[in-house]
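Trainee: Residue numbers (this note's numbering): 1 to 486.
Hints are computed from structural coordinates only; laboratory data are not their basis. Built from N, CA and C at the ideal position, the CB exists for glycine as well. Certain hints may be false.
Claimed, not checked - Subject to a maximum C-alpha distance of 27 Å in a straight line, what follows is the list of computed DSS-like cross-link-like pairs (lysine-lysine):
#1 LYS446 x LYS466
#2 LYS324 x LYS143
#3 LYS362 x LYS324
#4 LYS323 x LYS401
#5 LYS323 x LYS446
As the list claims (entries may be wrong) - Simulated restraints on C-beta separations:
#6 GLU132 x SER395: 42 to 48 Å
#7 HIS122 x PHE309: 51 to 57 Å
#8 ALA92 x GLN427: 23 to 29 Å
#9 GLY444 x THR113: 36 to 42 Å
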Amino acid sequence: MQRIACFTLQNENQSAIDLLSHYDELMRIIVRYLPPSTATLFARPELQADGKTIEWYSDLQGQPYLLGNSVADQQKLAEIRPHLTQRLQSIAQLNQHLTKQGAISAEQSRCLTLLVEGASHHTAQIYVVNNEPVITGWGVGEKPVISSPPVAIPVKKHRWCLWLLPLLLLLALLLWWWFGLRVSEKQPELPKTEPVIEQPKESKIVEEIKPDPPKVEPVKPEVIEPVKAEPEVVTQPPVEEKAVEPEKPKTPEAPKKVCSISTKPGENPQMVIIFDNSRSMLYSLLENNQSIEQFHWRWDRDLVTAEDFAYMRRSPNRLEVAKKSSSSIINSIAKTVDIGLVELRGCPAANNHGYYSPAKRKQLRAKISAMQPAPDNDPNAGGTPLYSGLQKAASMIDGKKRDGFILILSDGQDSCEVGDVCALAKQIAQRQPRLKINVVDIGGAKGANCVAKATGGKVFTANSQKQLINMINQAVKPITEVEVCK
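Whole structure, please, built from the sequences with the hints as guidance.
Mentor: So, in structure tokens, the structure goes:
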């Protein structure tokens, strides 16, 4: 458990302290009916001795990161918000269901309601720990106030304009009387006088005769012919003749190295992939073994829903990442090596799909890509037949006169109860000393680690998508193609 944040109550809030005191009780109810990831959503509050300071803790491992107001943080918040909403809704629905059945008390129902409401308080902060959201500051603040739109103030109606109507009517009557009834007095007419038109006087125009101006002939400018300069004679220095050197003999170039894959017939290494295609490979890489065990416990008691299944198998799940990684590394295997395939789909026995030659690598990738676990409603097709798969893979390899290599991709131990896998690996090591087995342990179950140890192989543990891809690439290095240049 690690401390994530520390919070100080500004005012004494007895109802908030009372809610925090019911934390363990509420988490027991949630874990019993819902996935563990729903319970880890709420950080554990620890009230200090002063009664005001609250420290917040989480059981998740990893560096906590507080989501702020930056663009990247808001994008991350938008990405995880559907998960937050889904988990809070599942708690609210569980509260209603248990209340109707009478499985919880009224006080417990009230506290569950306050728990969901507390996630939206103004004091709540969202951290991300190992890609999982964790809420601190829940239940100790207030709900965000939703501001209502401003109400328009009614404008008072002014009635003083009604008093002007009689005055306007009186003014209209006066104008009608002035222009319509009043007889205007006639003005005496003035005698008409005809206008006298004066005849224009003739004016004599005397034109003065001006003498013609004297003609001025233009002066032609003298043209001075340029003196032609004699070209300078440039004498070049005598060119010295270079002595002709004899050609040097060319040194022969070193022949280019020819690179090829050095192999001998009958000495090529043999390889078999044991691919886990059981139902457990459908679980998300984001879920650890503890949460998967708790899910199985509730599954056996019919306490899980379809939403719980979808959440536990969310992307990226183990099977889809293992398929993509296997498909990418198949091309890196030496072109002189045939690859065998053994499938672990369910008890009691594994499926042997035989060898694929280098010319059939495409068919091998398609075969792995098309693999699907047995359906959930098939009670006889569960489990991981690791013991049977190891037996069949070892029988396909010589391991005495030729090198052999087995790659196990699995997330669990043998669950068919046929035999001891570790004892079988020791027998294989004695019988086939040139056979090595590498194990890619998906999720850290450690179910097949003893197999690698007994045969001198290596174990590569992968807890995330990136680690799984890297571990598979490292596990097949002993048999990848290497060119020999001569």
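Trainee: Next step is simple, just say for each hint if it's right about the structure.
Mentor: Taking the hints in turn, this is what the structure says about them:
The suggested pairing of LYS446 with LYS466 holds, with an alpha-carbon distance near 19 Å, which does not exceed 27 Å. With a C-alpha separation of about 46 Å, the suggested pair LYS324 and LYS143 falls outside the 27 Å cut-off, and the hint is violated. At most 27 Å may separate the alpha-carbon atoms for a hinted pair to count; LYS362 and LYS324 meet this at roughly 13 Å. For the proposed pair LYS323 and LYS401, the alpha carbon gap of about 32 Å is over 27 Å, so the pair is violated.
Only pairs whose Cα atoms come within 27 Å are accepted, and LYS323 paired with LYS446 is accepted, the gap being roughly 20 Å. Roughly 44 Å separates the CB atoms of GLU132 and SER395, a value that falls within the hinted 42 to 48 Å. At about 35 Å, the beta-carbon gap between HIS122 and PHE309 misses the expected band of 51 to 57 Å. Remark: the range hint 23 to 29 Å for ALA92 to GLN427 is contradicted by a beta-carbon distance near 56 Å.
Between GLY444 and THR113 the Cβ separation comes to about 38 Å, which falls inside the hinted range of 36 to 42 Å.
Hint check: violations occur at hints 2, 4, 7 and 8; the rest are consistent with the structure.
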